[in-house]
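**Q** So the chains spell out like this:
There are 4 protein chains.
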Amino acid sequence: MSSTYGEMIRLTIFGQSHSPAIGMTLEGIPAGSSIDMEKLERFLARRAPGRNAWSTPRAEADRPEFVAGLLGNVTCGVPLTAIIRNTDTRSGDYEELKKKPRPGHADLTAQYKYHGFQDHAGGGHFSGRMTAPLCIAGGICRQLLEKEGVKIMARIAVIGDVEDESAFLTSVEENEFPVVSPEKGILMQQRIEQAREEGDSIGGIIECVVTGLPVGLGDPMFHGMENRIAQAVFAIPAVKGLEFGAGFAAARMRGSEHNDPFRIRDGKIVTETNHAGGILGGITDGMPICFRAAVKPTPSIAKSQQSVDLEAMKETSLEIRGRHDPCIVPRAVPCMEAAAALAVYDAFLAYKAQQ
Amino acid sequence: MSSTYGEMIRLTIFGQSHSPAIGMTLEGIPAGSSIDMEKLERFLARRAPGRNAWSTPRAEADRPEFVAGLLGNVTCGVPLTAIIRNTDTRSGDYEELKKKPRPGHADLTAQYKYHGFQDHAGGGHFSGRMTAPLCIAGGICRQLLEKEGVKIMARIAVIGDVEDESAFLTSVEENEFPVVSPEKGILMQQRIEQAREEGDSIGGIIECVVTGLPVGLGDPMFHGMENRIAQAVFAIPAVKGLEFGAGFAAARMRGSEHNDPFRIRDGKIVTETNHAGGILGGITDGMPICFRAAVKPTPSIAKSQQSVDLEAMKETSLEIRGRHDPCIVPRAVPCMEAAAALAVYDAFLAYKAQQ
Amino acid sequence: MSSTYGEMIRLTIFGQSHSPAIGMTLEGIPAGSSIDMEKLERFLARRAPGRNAWSTPRAEADRPEFVAGLLGNVTCGVPLTAIIRNTDTRSGDYEELKKKPRPGHADLTAQYKYHGFQDHAGGGHFSGRMTAPLCIAGGICRQLLEKEGVKIMARIAVIGDVEDESAFLTSVEENEFPVVSPEKGILMQQRIEQAREEGDSIGGIIECVVTGLPVGLGDPMFHGMENRIAQAVFAIPAVKGLEFGAGFAAARMRGSEHNDPFRIRDGKIVTETNHAGGILGGITDGMPICFRAAVKPTPSIAKSQQSVDLEAMKETSLEIRGRHDPCIVPRAVPCMEAAAALAVYDAFLAYKAQQ
Amino acid sequence: MSSTYGEMIRLTIFGQSHSPAIGMTLEGIPAGSSIDMEKLERFLARRAPGRNAWSTPRAEADRPEFVAGLLGNVTCGVPLTAIIRNTDTRSGDYEELKKKPRPGHADLTAQYKYHGFQDHAGGGHFSGRMTAPLCIAGGICRQLLEKEGVKIMARIAVIGDVEDESAFLTSVEENEFPVVSPEKGILMQQRIEQAREEGDSIGGIIECVVTGLPVGLGDPMFHGMENRIAQAVFAIPAVKGLEFGAGFAAARMRGSEHNDPFRIRDGKIVTETNHAGGILGGITDGMPICFRAAVKPTPSIAKSQQSVDLEAMKETSLEIRGRHDPCIVPRAVPCMEAAAALAVYDAFLAYKAQQ
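Chains as they are written, first to last, in this note's numbering: chain Y, 60 to 414; chain V, 60 to 414; chain R, 60 to 414; chain D, 60 to 414.
To be clear, the hints were calculated from the coordinates, so they are not data collected in a lab. No residue lacks a Cβ here, since even glycine has one placed at the ideal position from N, Cα and C.
Below, simulated DSS-like cross-link-like pairs (lysine-lysine); rule was C-alpha separation at most 30 angstroms, straight line:
no. : chain 1 : residue 1 : chain 2 : residue 2
1   : V       : K327      : Y       : K157
2   : V       : K373      : Y       : K327
3   : Y       : K157      : Y       : K362
4   : V       : K362      : V       : K373
Between beta-carbon pairs, the in silico distance windows are:
no. : chain 1 : residue 1 : chain 2 : residue 2 : range
5   : R       : G91       : Y       : E378      : 26 to 34 angstroms
6   : V       : D325      : Y       : S376      : 17 to 25 angstroms
7   : Y       : K98       : D       : G326      : 36 to 44 angstroms
8   : D       : E331      : R       : Q253      : 22 to 30 angstroms
9   : R       : K206      : D       : H174      : 23 to 31 angstroms
Bound-form chain Y, shown alone (with noise of 0.2 angstroms):
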């Protein structure tokens, strides 16, 4: 199933960009877990839009209401189920697009699949709206992972040809910008600027990191660390690749070089690097779990685009109007952390049901 996450937990994503209300169900929470709501939506409002001048215009309160598996804000063991109600939507912006799909948008492929049927107003289902629904969930998980001594930190890592500092280890969510150097961020931000003032977007790489986690999270082969993550984190809209520690610089590195050293620290055992992100086998191996994931720039531009009218079947130009961000990578850095929190939760359930 599509929308659909998790085997201890099984987390369900419904709702469209124009829909009456979109939210989540997410079943699997154990009962008696407590939920900070106040934690929860400065969590939310990390994705939210409409805050600041590299985001969308469009504002939504996006405060999700649970309608269900709740007893004040302590889980009773079943379904959890969230709603945040669709207020400021506006279908005609996007009439044109139902004939003209928009390059790098899901408009053509929803299309094809659903044979015409899709909903196409504001992307639908395929909206980075839905990635509000993914938060509730994730927040969640990584709230409950945060009192297990498990942290989830992700920042923006580069902006176009920007590169922040390498070092990341703690926690920037406090920074409106979630840099680990201001200055870099800095210009960051004049990228974005100047590809918004250029009717254009731009694109960029976010760093995430999980501490605290025990060893022996994982399963082998098809439910590893890495692909119970990259399952999660691909259903970020505009996420192209992932790798975890080195990564693509392990092509070219030497095995004496990658291999990280076993090392007795505390009486524990950890390694002098961490190339290998934290997972071996995947599972994990008690040092920081660690990824990149690369977002294309946002597709929808200001500047006129080739596209094609399917009716007439034909080539002919588009100017994609509405509100759309020139830089998407701010707001995903939540949507990063909760995916991740969602995978890594999902295992540690696994993990402490085999303890």
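Based on these hints, arrange chains V, R and D on the given structure of chain Y.
**A** Same frame as chain Y, but now just chains V, R and D:
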């Protein structure tokens, strides 16, 4: 479940490096599908060990015995099971490794996960040998796809600092060393040989393309083609990174550059470029699926390494004996095709079900 | 996952008797399926409470709001979600039951399972009210099947010692009391009325038939039609038994009597009798699927009963106030159709995928 | 997937009556679980053919070879696979049946489902022989449960018109004919013998109890203990009915009679009666799970029957040769225990994960 893959098909892989047998069960293949056994054996031969200078001298026939699901060579609709007997096993080689985990291997994490009950001989279920049943299943899917006009072809794109030439849309499977440029192939083999002479190993990148696909394969969110392929590809032991289309390069691109303009050619909608790697919103757009996977250098090297003695809980050095590939990349090429074939065939059956 | 059903479709049911809302998400319905909302509401009305003498006076509109997955009344291919607001809730009625579990209910077992965190009000997720979302999903599947010529019809076969007449292959859904024989219906209603007057309740048997099915639906072993229907039907709270075709009567039969002889009628293979209930080896043979389900008497009765005080851990008596059906069987009739429709439609989509 | 069962465990059964081998893969058994092979073989011997007067003379050793997942007799955490070679196969016996389907068998429905590509020899994947791998998996789960104090015991409750005595809470597995009352057992055997002499067969009912279960196993709705057991039990070829506790008798009961009053005994909550069969709301209440399954008479009988000639599409008579049980019930007794063990052990692992 860890060793299980698929929705419309379901693959289960079983076995350990030194168990009586390894094998696979594949459910969901339509009744009446004819399997070309000779073709399958040629496919398996491409990953088999002991064939040439750059692979381990462990020689196994690796001829699968189909014990269920066939009448002659035709599927009868029920689970298809094949086993390969493990004959050339030398468990003694691995005795020391029970207490001294190999850096870069799953020895330590398996010990954590299975509380000391893991089968450590030869890496157990984490052995690269488990890609043989993966290739049986993937090889079958690949030939069934071929009958539908879908081709899956991989090549070595990078070994160390040597990059193959870029154009890649035709099969190089007949080449003993699967690259486009023979010159670059020779350079790559030199890098591998050099690593071996130094008791070391080397990594690389594999590129895979899928051509002839219908439009409309894949699902939104967690079951997009990227998610599906990622879940399969990260099952190959040494893979640490994966990118589709422009992938990580997209981070530096503008939307106007990255968006693939739609064109009409011969009455069909195509894109001028293929930065999307044939996938928009998780769904195929009719252009070739194109992905690249980073393969880390073989962790088993002859050079002395830093490990720990798990009994004494002190640091120690480790010298790995036994037979190992100085570079796993060439043998991983068919594995990549197999993983892609599983993912694509599974999505293909779902697609056919929706027509 | 507990509240999830299906393979080609996936139903997730959420909510508690007194949570803000109850509802369901149904994935896998083909894009372009038109839902007749009026028909669906008529179907839901058949299980709605408060309609007549033999059901609880709790009155709820029970009109589902579809918040996702539709464009107008047509599915757009993505998850379909409907919610029903809980408006007429009186949690106070149930306060005492938190410490005094009701015999025959899930109060005690929910307490065990959820370690005291369960939502006990109105039975929480275990309430018969959760059959409303089951009927939304099943009602949709049922009308989609009807377009394919497949009809699903249930009736009351037994209440207490009164048995309906045996022939049953046409719908009785228009009857307020769904039986074939009006005389037997009156007798059954008398039994129910009598039970109510005595502060008691009464059980019964529901029979369900599915006609117009293609041959070849279902799978061997764990996913035969019996298995599929059983998994759905036992989700209806009070069901304690299920039999197909001759069912338990087969125990007393000889093979020569039980085996349904094959015949040819109008060029098609039929069976002379239908002791198999339309299913051989888990797969439909073209005869009507026929099953009967035993429904226990409503556990909530006015009579004083033996319970325990969980705080004091001593025996105590319990008198249940609140609103309860003296016989759940009439309202369970559409639930049985809904459960059957889910199972059959799921198998039907799998069948279509194999053509 | 048809031949796959379970959530925390996953069983896959493969093979056909006359394929090179049959077998099973069982995932999810915790690493370090010790399997008593002698005990398992004794368990398998209870369903093996050819042992006595009332079963088919086909003699197979049916000794499973474990090819993966074990170190010695201890699970190493990865998939556990066992195969049984098919040695005593006589495909010739079945040639005629390819065009003349046997009434009461899956011959015709398999033909429909697999479009003529099915393996018809010996019933293929639909053969009662496929309960051998079911018993391997179930036998393992059963002995692992026994270590946790959980016992699973079945007996013959009814053959034809003969009913065993009703009290049943201790094992009768040592009895060659598994009933409580030796007198009733003799009568039952007479009924079977009589059926055989007449070239006919006879059905029966099997009762199964599970004792020593913790409270709180199972889930609401689609994954209650009834649903789980039903999905497993209906995988046994001849089962056509299933009831829990009072089952169908509940239809005639009043709530005041059916509700099991809570009592306190030795500081624990018990119920005075067990009409619920140990399950309330799908969840165990600590009383024994108790269920009864109706087994139809063996469809293969010597008597001439009405079939159809599929090639000529005309009615014809059929005389079945080959070796068949006049009553499958005795050999189905351990199968019932195996099916129950799978369902209970799966729920047990989920339960342990929640503690």
